[in-house]
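A.B. asks: Make the full structure from the sequences, and use the hints.
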Amino acid sequence: MRKRSFETLVSNHTWQKGMRHLMKSDRKMAEIISRFGSINREWGPSDPYEAIVESFIYQQIAGSAAEAIANKFRGLYGGRFPKPREFLRTSQKRVRGAGISPQKYSYIKDLCERLVRKELDLKTLSRLPDEEVIAILDDVKGIGRWTAEMFLMFSLRRVDVFPLDDLGIQNAVRRVYGLRSAPSREKLKSLSERWAPYRSIASLYLWKSQDTKTL
0 MRKRSFETLV SNHTWQKGMR HLMKSDRKMA EIISRFGSIN REWGPSDPYE AIVESFIYQQ
60 IAGSAAEAIA NKFRGLYGGR FPKPREFLRT SQKRVRGAGI SPQKYSYIKD LCERLVRKEL
120 DLKTLSRLPD EEVIAILDDV KGIGRWTAEM FLMFSLRRVD VFPLDDLGIQ NAVRRVYGLR
180 SAPSREKLKS LSERWAPYRS IASLYLWKSQ DTKTL
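Under numbering that gives the first Met the number 0, the sequence shown is numbered contiguously, ending at residue 214.
Among the hints, a few may not be true.
Claimed, not checked - Cross-link-like lysine-lysine pairs, in silico, DSSO-like; alpha carbons within 27 Å at most:
#	residue 1	residue 2
1	Lys108	Lys140
2	Lys207	Lys16
3	Lys27	Lys16
4	Lys71	Lys108
5	Lys92	Lys71
6	Lys186	Lys27
7	Lys82	Lys122
8	Lys186	Lys23
9	Lys82	Lys108
10	Lys140	Lys92
11	Lys188	Lys207
12	Lys27	Lys188
Unchecked claim - Cβ pair distances, simulated, as ranges:
#	residue 1	residue 2	range
13	Gly77	Arg179	46 to 52 Å
14	Arg79	Ser180	37 to 43 Å
15	Gly96	Gly143	24 to 30 Å
16	Arg144	Ser180	19 to 25 Å
17	Gln209	Ser24	20 to 26 Å
18	Ser105	Ser189	33 to 39 Å
19	Asp210	Thr123	31 to 37 Å
20	Arg179	Arg79	40 to 46 Å
21	Pro196	Glu66	26 to 32 Å
22	Met22	Glu112	42 to 48 Å
23	Ser180	Gly77	42 to 48 Å
24	Asp138	Leu87	16 to 22 Å
25	Asp210	Gly177	16 to 22 Å
26	Gly77	Arg173	37 to 43 Å
The hints are simulated quantities; they were obtained by calculation from the structure and are not laboratory data.
C-beta: ideal position from N, C-alpha, C; glycine also.
C.D. replies: What follows is the structure, given as structure tokens:
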């Protein structure tokens, strides 16, 4: 098994190597990559706290709608994510006015309280393997496997994560590969094996393929 540092962010060299691997191993993936080119700069917030908050906002919402809510939420704080203590000082009514549901408000609140009480140290997670990170984050309210996988990809920049339960991924695979219905988990697992060890990069291109404005 190829070893790598869990602290290493995605370098341009790694990205280019991943693109070549995907294009060589999968004709459909080669078509997507040829269409969009390099999208390495579109990964999202690297700050672990901000990445989790953003993942909460994006849970079970279409990308464009979630992006609008995230922008409105950041707008409450001058266009940035609030610090944990800052969020806890903000009334629920004000946060709800930005489009954050009561459930997602409770998720962000629980995360902020854990960080303020120092029950959770997000900075130490970069030194741990993927499954250990998922296990630790699973204790936080509102964080299941999908949110933990988003954290691995968008905050820790892990290059071989594939979110099987992501609706956008499922829709993209169905569309790109001409399937009549949404792919099963078994089908997704089998398909993703050809993309390893760059499944995070493959996921980003599958999400990007849903951007009909560029088609």
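A.B. asks: State, for the Cβ atoms of Pro196 and Glu66, whether the hinted interval 26 to 32 Å holds or is violated.
C.D. replies: Holds, since Pro196 and Glu66 (Cβ atoms, about 29 Å apart) stay within the stated range.
A.B. asks: Return holds or violated for the Cβ distance of Gly77 and Arg173 against the range 37 to 43 Å.
C.D. replies: holds (40 Å)
A.B. asks: Take the C-beta atom of Arg79 and the C-beta atom of Ser180, compute their distance, and say whether it sits inside 37 to 43 Å.
C.D. replies: holds (41 Å)
A.B. asks: For the pair supplied as a hint, Lys108 and Lys140, confirm whether the alpha-carbon distance does not exceed 27 Å.
C.D. replies: Holds - the C-alpha atoms of Lys140 and Lys108 are around 9 Å apart, at most 27 Å.
A.B. asks: Run the distance test for Lys71 versus Lys108: straight-line Cα separation, threshold 27 Å.
C.D. replies: holds (18 Å)
A.B. asks: Need the status of pair Lys188, Lys207: alpha-carbon distance at most 27 Å?
C.D. replies: It holds: about 20 Å lies between the C-alpha atoms, which stays within 27 Å.
A.B. asks: Would you say the C-beta atoms of Met22 and Glu112 sit inside 42 to 48 Å of each other?
C.D. replies: holds (45 Å)
A.B. asks: Check the hint pairing Lys27 with Lys188 against an upper bound of 27 Å on the C-alpha distance.
C.D. replies: Holds, at roughly 16 Å.
A.B. asks: Is it true that Gln209 and Ser24 lie within 20 to 26 Å of each other by Cβ?
C.D. replies: holds (21 Å)
A.B. asks: Is the straight-line distance between the alpha-carbon of Lys82 and that of Lys108 27 Å or less?
C.D. replies: Satisfied, since the Cα-Cα distance of roughly 11 Å is no more than 27 Å.
A.B. asks: Is it true that the C-beta distance of Gly77 to Arg179 lies inside 46 to 52 Å, as the hint says?
C.D. replies: About 48 Å separates the Cβ atoms of Gly77 and Arg179, which means 46 to 52 Å holds.
A.B. asks: Given the hint of 16 to 22 Å, is the C-beta distance from Asp210 to Gly177 inside that range or not?
C.D. replies: holds (19 Å)
Comparing the model with each earlier hint shows no violations; every hint is respected.
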